[in-house]
Amino acid sequence: MLTFLNVESTAVLEWSRAQFALTACYHWLFVPLTLGLAMVMGVMETLYVVKKDDFWKRAAQFWQKIFGINFAIGVATGIILEFEFGTNWSNYSWFVGDIFGAPLAIEGIVAFFMEATFIAVMFFGWNKVGKKFHLSATWLTGVGATLSAWWILVANSWMQHPVGMEFNPDTMRNEMMDFFAVAFQSVAVTKFFHSVMSAWMTGGFFTIGVSCWYLLKKRHTQFALASLRVGAVVAALGTLGTMITGDGSGVDAARYQPMKLAAAEGLEKGGNGAPFSVVPGIEVPKVLSLLATHDPEGFVPGIEDIKAGYTLPDGTTVPSAEEKIKRGKQVLAAFKGYREAKAAGDSAAMKAQRQQLDENVAYFGYGYLDTPDDLVPPVPLVYWSFRVMVGFGGALTLVLLLVVWFDYKKRIASMRWLQWLGIAAIPMVYLAGQAGWIVAEVGRQPWAIQDLLPVNAAISSQSAGAVMTTFFLFLVLFTILLAVEIRIMCKAIKKGPETK
Amino acid sequence: MATRGKWLNFATMNYSNALPVRIWRFYVDGFRQMTWGRTLWVIILLKLAVMFLVLRMFFFKPALSGMDTETKQETVARNLTH
Numbered sequence: 072m073l074t075f076l077n078v079e080s081t082a083v084l085e086w087s088r089a090q091f092a093l094t095a096c097y098h099w100l101f102v103p104l105t106l107g108l109a110m111v112m113g114v115m116e117t118l119y120v121v122k123k124d125d126f127w128k129r130a131a132q133f134w135q136k137i138f139g140i141n142f143a144i145g146v147a148t149g150i151i152l153e154f155e156f157g158t159n160w161s162n163y164s165w166f167v168g169d170i171f172g173a174p175l176a177i178e179g180i181v182a183f184f185m186e187a188t189f190i191a192v193m194f195f196g197w198n199k200v201g202k203k204f205h206l207s208a209t210w211l212t213g214v215g216a217t218l219s220a221w222w223i224l225v226a227n228s229w230m231q232h233p234v235g236m237e238f239n240p241d242t243m244r245n246e247m248m249d250f251f252a253v254a255f256q257s258v259a260v261t262k263f264f265h266s267v268m269s270a271w272m273t274g275g276f277f278t279i280g281v282s283c284w285y286l287l288k289k290r291h292t293q294f295a296l297a298s299l300r301v302g303a304v305v306a307a308l309g310t311l312g313t314m315i316t317g318d319g320s321g322v323d324a325a326r327y328q329p330m331k332l333a334a335a336e337g338l339e340k341g342g343n344g345a346p347f348s349v350v351p352g353i354e355v356p357k358v359l360s361l362l363a364t365h366d367p368e369g370f371v372p373g374i375e376d377i378k379a380g381y382t383l384p385d386g387t388t389v390p391s392a393e394e395k396i397k398r399g400k401q402v403l404a405a406f407k408g409y410r411e412a413k414a415a416g417d418s419a420a421m422k423a424q425r426q427q428l429d430e431n432v433a434y435f436g437y438g439y440l441d442t443p444d445d446l447v448p449p450v451p452l453v454y455w456s457f458r459v460m461v462g463f464g465g466a467l468t469l470v471l472l473l474v475v476w477f478d479y480k481k482r483i484a485s486m487r488w489l490q491w492l493g494i495a496a497i498p499m500v501y502l503a504g505q506a507g508w509i510v511a512e513v514g515r516q517p518w519a520i521q522d523l524l525p526v527n528a529a530i531s532s533q534s535a536g537a538v539m540t541t542f543f544l545f546l547v548l549f550t551i552l553l554a555v556e557i558r559i560m561c562k563a564i565k566k567g568p569e570t571k
Numbered sequence: 004m005a006t007r008g009k010w011l012n013f014a015t016m017n018y019s020n021a022l023p024v025r026i027w028r029f030y031v032d033g034f035r036q037m038t039w040g041r042t043l044w045v046i047i048l049l050k051l052a053v054m055f056l057v058l059r060m061f062f063f064k065p066a067l068s069g070m071d072t073e074t075k076q077e078t079v080a081r082n083l084t085h
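Protein sequence lines correspond, in order, to chains R and S.
Going by the working numbering, the first residue of the first sequence is number 72, and it counts up by one from there.
Going by the working numbering, the first residue of the second sequence is number 4, and it counts up by one from there.
Don't read these hints as lab results, they were simulated from the structure.
For every residue, glycine included, the Cβ atom is placed at its ideal position computed from N, Cα and C.
Hints are supplied without guarantee of correctness; some may be wrong.
[Claimed, not checked] Chain S is nowhere near these chain R residues, computed Cβ spacing over 12 Å in every case:
| hint | residue |
| --- | --- |
| 1 | Leu100 |
| 2 | Lys123 |
| 3 | Thr217 |
| 4 | Gln293 |
| 5 | Tyr327 |
| 6 | Pro356 |
| 7 | Gly380 |
| 8 | Met421 |
| 9 | Val447 |
| 10 | Arg482 |
[Said to hold, decoys possible] Result set (DSSO-like, lysine-lysine): computed pairs, CA atoms no more than 30 Å apart in a straight line:
| hint | chain 1 | residue 1 | chain 2 | residue 2 |
| --- | --- | --- | --- | --- |
| 11 | R | Lys566 | S | Lys50 |
| 12 | S | Lys50 | R | Lys565 |
| 13 | R | Lys565 | R | Lys288 |
| 14 | R | Lys566 | R | Lys199 |
| 15 | R | Lys128 | R | Lys202 |
| 16 | S | Lys50 | R | Lys562 |
| 17 | R | Lys407 | S | Lys64 |
| 18 | R | Lys480 | R | Lys378 |
| 19 | R | Lys413 | R | Lys202 |
| 20 | R | Lys340 | R | Lys378 |
| 21 | R | Lys481 | R | Lys288 |
| 22 | R | Lys202 | R | Lys122 |
Kindly produce the complete structure, drawing on both the sequences and the hints.
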C-alpha cells in the first residue's frame, strides 16, 4: 500500500501546491498585461503609420513604456515554475518529460529569439529604422509573446487532457507519439484563445482605467480620450473572444473533466436538463445542460453521479469511482510485476504484466487514491471562483458598454463616477483572470495529470521545511517585484506621455 | 573573365557599414541612450542574479540531479510503486 499521505508527506504536498499556486498567480499578473498591451501599442503605432500623425507616435511610445516596465519586471518569473518542477515535483517531471520537453524547448527558443530581437528594435529603433520596419517589430514583439504563451498552454492542456502519448514502463516516461495531437488538441486550442482573449481584456481595461485616471485629473485629455477608444476596442474584442472561448472551455470540461464542471456548479446530483446555479438557492433551469452540451436537455453528471458511475446518452457506461480505483490498483500491481519480472529476466511474465498494464493504463492514477471522495476537488473554492470570474466578466462588460456609450455621446470627460468605474475595472479584470485560473487548476484536483497522476504521487521526497522556506522566499521576492512594478508604473503614468 | 569586384575585395571593403557592425552599434547606441530603461535593466539583472545565483544554486536542487538516466528511472519507479 502506498504511504504518500502520512503527516510529513501531506505537509510537503500542501506546501508544494501552495508554492506553485503562489508563483503561477504572480506570474499571471504580468503575462496578461504584456499580451494585452502588445495589442494596444500595436494598434496605436499602426494608426501613426497610416495617419502619419505624430500624436499617435507619442501615444504608442507611452504605452510601450508601460509595456516595457511590465515586461522587465515580469520576465523570467515563469522560470521559477520550472525550478519547482525539478525540485518539488520530480516524479511528475520525469513522468511527463518527453511530452513537456518539446513544447517548452520551442517556447524557450521562440521567447528568446523572437522577443529579444523585436523588442530591441521596438525600443531602440525609433528614428533608426524605417516606420514600417518598426511597426512590424512592434507587432512581432506581441506575436512572439503570444506564441510563447501557446506552448506553455499546450503543456498545461496536456495535463488537463493527456493525448498523443504512450506510457513506457521501462523508461518511466510518457513518450510523445503524435506531436500534432498534443499541440493542436481542442483543449489546447480553446485554452490558448481563452487565455489570450482574457489577456486582451486585461490590456484593454488597463488602458481604459489609466485613461479614466487622466480624465479624472483633467490631464492629457486628448491623449486619454484617444487611448480610451483604442483600449475599448481591444477590451471589446477580448471580452467577445473570452465569452466565445469560455463556452468552448465549458464544453471541454463537460467532456473531459466532468468533476471539474460539477464542482464549479456545486452539482451534487446531475441529470438531463441540469440547471445553472447563479448563487446558492438561485438556479436557471436547463442552462447548465445548454452550456455544457449545447442542448437544454443534455445530460450533465453531478459529483455523486461521477462517484457512483453513470451511463451517457449514447449508451457508454462510465465506471464508478470505486471501480476506477480498483482498476488503478490492478494497473499499479501489473506495473510493479512488470518491473520485478524485468529484473528477474522473466520475459513471459513481463509480457503478461505488460498486457494487463496496457489494457487499463487509462486508470493508472486511480491506483493512488483510497476512496471515491479523493476525486472531489475543494468545491466551495472552485464554485465561488467561477462566480467571481463570471461576475466580474459581466460587470466589466457593463463598464465597457457605459464607457463606449458615453464616449460616443461626448460626455465621458465630465462624468466622474464613470471615470472611477473605469479605474475600478483594473482590479476587476485582474481578479477575474486569477479566479479563472483557480477554477482551471483547483478544479482539476486531485490530478497533476488527469487520470494518470494525482498530486500526492507527483511530489518529490523532501522535507516540508525546505518547501516552506522557498515558499516564503518567493513570497518576499515576488511581493518586492510587484511593489517595484506598481511604483515605477505609477511614476510613469503620473509623468504621462511626451507632449511634443 | 568573370570578376567579383569590390564585394570580395578585402582592401576596399567598408567594414564600418558591415551588417554585424551596424547591429552591434544599434544595440550599443540603444543601451547608451536609455533613460528610464536603465532602472529596468538593473531590476532585470538583480532579479536574474537572485533567481539563478541564489535560489537555483542554494534552494532548488532538482531531486533527480546527479543521477544517470537508469538511476532516475529506477528512483521514479520506486517512488511510484512503493
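These are the hints, each one checked on the structure:
Listed as a non-interface residue, Leu100(R) keeps its Cβ farther than 12 Å from every Cβ of chain S; the least gap is roughly 15 Å. With a least CB separation of 25 Å from chain S, Lys123(R) remains clear of the 12 Å interface cut-off, as annotated. The beta carbon of Thr217(R) is kept farther than 12 Å from every beta carbon of chain S, the shortest such distance being approximately 21 Å. For Gln293(R), the shortest C-beta to C-beta distance to chain S comes to about 23 Å, beyond the 12 Å cut-off, and the non-interface label holds.
Consistency note on Tyr327(R): stated as away from chain S, and its beta-carbon is indeed over 12 Å from all of that chain's, at 24 Å minimum. Annotated as non-interface, Pro356(R) keeps its C-beta farther than 12 Å from every C-beta of chain S; the closest such distance is 46 Å. Residue-level check passed: Gly380(R) sits 26 Å from the nearest beta carbon of chain S, beyond 12 Å. The Cβ of Met421(R) lies farther than 12 Å from every Cβ of chain S, with a closest approach of about 14 Å, so its non-interface assignment holds.
Val447(R), annotated as away from the interface, keeps every beta carbon of chain S farther than 12 Å; the closest lies near 23 Å. Listed as a non-interface residue, Arg482(R) keeps its Cβ farther than 12 Å from every Cβ of chain S; the least gap is roughly 35 Å. Restraint check for Lys566(R) and Lys50(S): satisfied, since their Cα atoms lie roughly 26 Å apart, inside the 30 Å limit. Distance restraint check for Lys50(S) and Lys565(R): the Cα-Cα separation of roughly 25 Å lies within the 30 Å cut-off, and the hinted pair is therefore satisfied.
Restraint check for Lys565(R) and Lys288(R): the C-alpha separation of about 10 Å stays at or below 30 Å, so the hint holds. Taking the CA atoms of Lys566(R) and Lys199(R), the gap is near 25 Å; set against the 30 Å cutoff, the hint holds. A hinted pair counts as satisfied when its Cα atoms are at most 30 Å apart, and Lys128(R) with Lys202(R) qualifies at roughly 10 Å. This hinted pair checks out: Lys50(S) and Lys562(R) have alpha carbons roughly 21 Å apart, not beyond 30 Å.
At roughly 28 Å between alpha-carbon atoms, Lys407(R) and Lys64(S) fall within 30 Å of each other, so this suggested pair holds. A hinted pair counts as satisfied when its Cα atoms are at most 30 Å apart, and Lys480(R) with Lys378(R) does not qualify at roughly 56 Å. A C-alpha spacing of about 65 Å is found between Lys413(R) and Lys202(R), which places the hinted pair above 30 Å, so the restraint is violated. A threshold of 30 Å between alpha carbons decides the hint, and for Lys340(R) with Lys378(R) the separation of about 10 Å falls inside it, so the pair holds.
The straight-line distance between the Cα atoms of Lys481(R) and Lys288(R) is roughly 17 Å, inside the 30 Å bound, and the hint therefore holds. Pair hint Lys202(R) plus Lys122(R) holds up; C-alpha atoms about 12 Å apart against a cutoff of 30 Å.
In summary, the structure is inconsistent with hints 18 and 19 from the numbered list given earlier, while agreeing with the others.
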